[in-house]
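Single-letter residue listing:
There are 2 protein chains.
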Amino acid sequence: MQLLPACYLFKGLSESQFLRLRSIVKEKPMRKGQFLMNEGQAAGALFILKNGAVELITTVNDSFELPIAILRNPGDCAGTSALVSPYKYSLSSRCSANGKVLVMEQARLKELITEDHSFGFIIMRNLAEHFLEMLKEARQETKTHFKTFFKSIHS
Amino acid sequence: MQLLPACYLFKGLSESQFLRLRSIVKEKPMRKGQFLMNEGQAAGALFILKNGAVELITTVNDSFELPIAILRNPGDCAGTSALVSPYKYSLSSRCSANGKVLVMEQARLKELITEDHSFGFIIMRNLAEHFLEMLKEARQETKTHFKTFFKSIHS
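Chains A and B, in that order, give the protein sequences.
For the first sequence, my numbering gives the first residue as 70, with consecutive numbering after it.
For the second sequence, my numbering gives the first residue as 70, with consecutive numbering after it.
These aren't lab readings, by the way, just hints derived from the structure by calculation.
Some hints could be false.
Remember, identical chains collapse to one label, so a pair may be satisfied in a single copy or spanning two.
[Unchecked claim] Straight-line C-alpha distance at most 25 Å; calculated SDA-like pairs for lysine to any residue:
1. K205 / S165
2. K212 / L125
3. K157 / K212
4. K101 / D145
5. K157 / V172
6. K212 / A111
7. K101 / F133
8. K179 / L72
9. K157 / T213
10. K212 / G109
11. K157 / H199
12. K205 / Q175
13. K212 / G102
14. K212 / A112
Computed from a prediction, not measured in an experiment: that's the story for all the values here.
Turn these sequences into a full structure, and let the hints steer you where they fit.
The following block contains the structure:
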């Protein structure tokens with residue numbers, strides 16, 4: 070279980086906080102094609118990749134899949150919506166190579182955070198940092214679209 | 070100063086936490102055209118709008134401005150990068166109508182958060198929720214671009 074310190078969410082936790090975290094972890098196998106979570110559904114769990122690979126996807130018009138990211142590194146995580154109100158998955162994730170994931174139930178995570186605000190602070194700080202990074206990347210993408218558009222009307 | 074409870078960042082703080090927060094607030098006037106913060110620079114302060122209006126913008130190719138949002142409601146905030154490592158503004162903000170802002174220095178905010186992890190937890194949780202909402206909006210925009218692209222190659 071030395072996997073947990075590899076996840077950005079848990080950077081800065083103390084040994085005793087890691088101990089409590091490990092007590093709520095369950096390891097589960099996953100098979101290629103299996104969905105770990107579905108966009109729009111209740112975010113019942115957080116997933117940490119042990120091995121294998123997981124695609125994060127969103128659906129356009131209920132028909133086309135738009136890829137967001139592929140998780141391949143041990144410690145990569147999916148389902149952070151399980152940490153944040155309104156606790157609904159904003160993406161789907163599908164196993165793209167057989168492997169194993171660590172699963173933490175949303176209700177157990179919430180207990181840990183409520184019991185120990187220092188634990189909660191560290192996780193929320195790491196999560197906010199990560200979301201801000203992703204937001205900057207998304208804005209960068211918008212800038213690229215804008216540049217392409219600008220070139221097209223001036224060419 | 071009943072403005073602070075109107076800001077999403079401070080939702081859930083106790084009366085004594087609001088009291089400590091108010092002790093680090095300075096009110097400042099702003100004039101149309103004045104920049105409160107500049108993209109890429111050290112995030113030295115968080116700003117809460119009292120009255121007037123503030124544009125959030127990002128620059129493309131160091132020459133074109135891309136508008137991100139306009140803050141008009143008392144309690145709207147700018148400069149949340151002052152709460153999150155690496156403490157650099159990811160956007161610029163410019164006053165677009167004369168008014169007043171509440172200013173909180175980054176170093177003082179960090180002190181409050183470090184001294185009271187319950188305070189830090191509440192602010193980071195609210196911030197993570199807000200960033201996730203903005204990220205969903207940004208993804209929605211990408212979906213719109215994707216749909217437009219898909220239509221154009223199939224028309």
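Results of checking the hints against the structure:
For the homomeric pair K205 and S165, the shortest alpha-carbon distance between copies (24 Å) is at most 25 Å, but the shortest distance inside one copy (27 Å) is not. Proximity of K212 and L125 under a CA criterion of 25 Å is satisfied in both settings, with 23 Å inside one chain copy and 15 Å between copies. Proximity of K157 to K212 under the C-alpha cut-off of 25 Å is restricted to the inter-copy arrangement: shortest distance 19 Å between copies versus 28 Å within a copy. Taking CA atoms no more than 25 Å apart as the test, K101 paired with D145 passes inside one copy only; the shortest distance there is 17 Å, against 45 Å between copies.
Taking CA atoms no more than 25 Å apart as the test, K157 paired with V172 passes inside one copy only; the shortest distance there is 16 Å, against 34 Å between copies. When the C-alpha separation of K212 and A111 is checked against a cutoff of 25 Å, the pair qualifies only between copies, where the shortest distance is 22 Å, while the shortest distance within a copy is 33 Å. Proximity of K101 and F133 under a CA criterion of 25 Å is satisfied intra-copy only: 20 Å inside one chain copy versus 45 Å between copies. Taking identical chains as interchangeable, the C-alpha atoms of K179 and L72 lie at most 25 Å apart only when both belong to the same chain, with a minimum of 21 Å there against 30 Å between chains.
With identical chains, the CA atoms of K157 and T213 are at most 25 Å apart between copies only, with a shortest distance of 22 Å across copies and 30 Å within one. For the identical chains of this complex, K212 and G109 are inter-copy neighbours only, at 16 Å across copies versus 28 Å inside a copy, given an alpha-carbon limit of 25 Å. In this assembly of identical chains, K157 and H199 lie within 25 Å of each other by CA distance both inside one copy and across copies; the values are 18 Å within and 14 Å between. Taking the closest pair of Cα atoms, K205 and Q175 come within 25 Å of each other only across two copies (20 Å); inside a single copy the shortest separation is 27 Å, beyond that limit.
Within a single copy, K212 and G102 get their C-alpha atoms only as close as 34 Å, which misses the 25 Å cut-off; across copies the closest is 23 Å, which meets it. When the C-alpha separation of K212 and A112 is checked against a cutoff of 25 Å, the pair qualifies only between copies, where the shortest distance is 22 Å, while the shortest distance within a copy is 31 Å.
Checked against the numbered hints above, the structure breaks none of them.
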